[in-house]
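Asks: One-letter residues, chain by chain:
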Amino acid sequence: DTGVSQNPRHKITKRGQNVTFRCDPISEHNRLYWYRQTLGQGPEFLTYFQNEAQLEKSRLLSDRFSAERPKGSFSTLEIQRTEQGDSAMYLCASSPGPSYEQYFGPGTRLTVT
Amino acid sequence: DQQVKQNSPSLSVQEGRISILNCDYTNSMFDYFLWYKKYPAEGPTFLISISSIKDKNEDGRFTVFLNKSAKHLSLHIVPSQPGDSAVYFCAASGYNTDKLIFGTGTRLQVFP
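Residue numbers (the numbering used here), protein chains in the order written: chain X, 1 to 113; chain E, 1 to 112.
Think of the hints as simulated: they come from the structure by calculation, not from any bench.
One thing to keep in mind: the hints can contain errors.
With a straight-line cut-off of 20 angstroms between C-alpha atoms, the simulated EDC-like cross-links for lysine to aspartate or glutamate are [what the hints assert, rightly or not]:
hint	chain 1	residue 1	chain 2	residue 2
1	X	Lys57	E	Asp98
2	E	Lys68	E	Glu58
3	E	Lys99	X	Glu52
4	X	Lys57	X	Glu44
5	E	Lys56	E	Asp24
6	E	Lys5	X	Glu44
7	E	Lys99	X	Asp24
8	X	Lys57	X	Glu78
9	X	Lys11	X	Glu101
10	X	Lys14	X	Glu101
11	X	Lys11	E	Glu42
12	E	Lys56	X	Glu101
13	E	Lys68	E	Asp55
14	E	Lys54	X	Glu78
15	E	Lys71	E	Asp24
16	E	Lys54	X	Glu101
17	E	Lys99	X	Glu83
18	E	Lys99	X	Glu56
19	E	Lys5	E	Asp59
20	X	Lys71	X	Asp86
21	E	Lys99	X	Glu68
Covered stretches of chain E (in silico footprint by chain X; criterion: 3 or more residues with CB under 8 angstroms from a CB of chain X, positions within the stretch not fixed) [claimed, not checked]:
hint	stretch
22	42 to 56
23	88 to 96
24	101 to 112
The model shown is predicted, which means the values in this text are computed figures rather than measured ones.
No residue lacks a Cβ here, since even glycine has one placed at the ideal position from N, Cα and C.
Chain X on its own, in the form it takes in the complex:
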């Protein structure tokens, strides 16, 4: 399978706990994106990387959120001190470069209780 993979697929956590999600992009893609989707909305941009460099972050990405892409391969998204409002589907996408279509993974559904 050469698509984008995300782990875990589902995560249930209690408010105040930290969670970390992983994304493995398509191997030859140097751009990696994170989006968040809530019910009834389209995906909302969070941040993106070109190789290991984080090029842009949304205002949605509060100080509790941090993303990394060490060595320009897989990426992790960590949420510290989770809140109920963080409950959403977290989507990862990759592309071979700018102005190319982005290919999405299956997402990680986070539920904060």
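Fit chain E to the supplied structure of chain X, relying on the hints for placement.
Replies: Relative to chain X, chain E alone:
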């Protein structure tokens, strides 16, 4: 401020007929537009895209039309098939950023 708008939350079409999904945008700096299809519990799947230098792009049963003066694009699916039933998202990106701005989606149902 919703920069990409899909004003029809749902659309129902008979199998074999044409499905037309619409999308409007407000930011004239957008230069690349995409359509994605999404099934429940899956990530969005890329369907078709169009650059602002074109006004039409076709791929099999899918055609996207771009009207820059009206800031409007549409996706035509013909003939529609039951497997096309899904939520369709329109997305756009601009000159100085690679992030995608999505609309809120249109749920398409194709019935026999």
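Asks: If any of the earlier hints don't hold here, list their numbers in rising order.
Replies: Checked against the structure, the hints that fail are numbers 9, 10, 14, 17, 19 and 20, while the rest are satisfied.
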